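Take the sequences, apply the hints, and build the full model.
Under the numbering used here, the first residue of the sequence shown carries the number 1, and numbering increases by one thereafter.
Simulated from the structure, these hints should not be mistaken for laboratory data.
Quantities reported herein were computed from a predicted structural model and do not represent experimental measurements.
Beta carbons are placed, not taken as given, at the ideal position from N, Cα and C, and that holds for glycine.
Some hints could be false.
To be verified - Think about it this way: if two alpha-carbon atoms lie no more than 27 Å apart in a straight line, the pair counts; the simulated DSSO-like pairs of lysine-lysine are: (1) Lys31 - Lys260; (2) Lys75 - Lys54; (3) Lys181 - Lys31; (4) Lys181 - Lys170; (5) Lys260 - Lys75; (6) Lys181 - Lys258; (7) Lys31 - Lys75; (8) Lys31 - Lys258; (9) Lys258 - Lys75.
To be verified - If you anchor each label on the Cβ, the simulated ranges turn out as follows: (10) Gln101 - Glu235: 38 to 48 Å; (11) Glu67 - Asn195: 46 to 56 Å; (12) Lys260 - Glu210: 20 to 30 Å.
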Amino acid sequence: MAATVFTIANQKGGVGKTTTAINTSYALAAKGVRTILIDLDPQANATSGLGLEKIEGSSLYGPLCGEGEARDKIKPVGTSNCLYIIPSEVDMAAIEIELVQRDNYLVQLRECLEPVRNCGDYDVIIIDCPPALGMLSMNSLAAADYLLIALQSEYMAMEGLGQILNVLEKLREAGVNEGLKLGGILMTMFDQRTNLAHQVVGEVRNHFDELVFRTMIPRSIRISEAPSFGQSIFEYDPHGAGANAYRYFADEIMDRFKLKK
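Right, dumping it as C-alpha cells:
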C-alpha cells in the first residue's frame, strides 16, 4: 500500500511549522507508524532539530536533478525502527534554479518520491517546506495527498492563509495534483491565558469548522528549546504539555486519515 504524503506548510515563518513536522513525525513513529520526514528547507532546521549534521550530498538535491535515487538518501533516526529522515543541506538553496530548467518542473519531487512511496516499507511521508511559496513548496504540494497548515494563535494569524489555499486550488485546477486536499489546520503557540488566543482560534474555527484539529499546541519554552539540542520534544521534555499535545495530535492524524499502527 502506498504511503500517505503530508506537506506541512505556511509561507509565514515562525509559526511552528518545522517544530510540528519534527514532533508529529516522532509521535507517529512512536505509535508504530513507519514515517519518513523530508526536510526540503535549505535552512535544514528539521535536520538539525533531530540531531543530524548538515552534510553535503545528503539531501534530495541530486535526485531532483536526475542524479541518484531518493531512497538512497533515507536515514534512520536514533534507535527507532519507524522514524527516518531525508536531510536537507545548504545546497538546496540553489535547487530552484535547476528545477525551472527541467520539463514538468512542478512534479519533479513527486516523480522522485514515487518509488519510495510505493515500495511498501513506509506508511507516512511528511514534507517540511521552506517558509515561502517558491518552487520547493510548489513541488511539495504537487507531491502530497494532504496539506496540513500550522497556524499560530496570534494576531493576524490568517494573513496569507488565503494565498496558500489559492495555490492549492490552482494546482488542482491545472491538473498538477487534482487529488490534493486541505487535510487540516493545526493551531500552534496557543496561550490559554490570553483572550486574543481564544479569539483567534474561534475565528479560525468559524471559517474552517471541522478542518481545524481539536488539538492545540501550547506556547512553550520547552518546545522552542528542544531543536537547539537536536531533540524532539519527546526526548527533551517527555512528560510536559508540549509532548502530550503532539501525542494527541498524532492520534488525531491517525484517526482522521485512517492510518494503521
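query: Which of the numbered hints above does this structure break?
result: none
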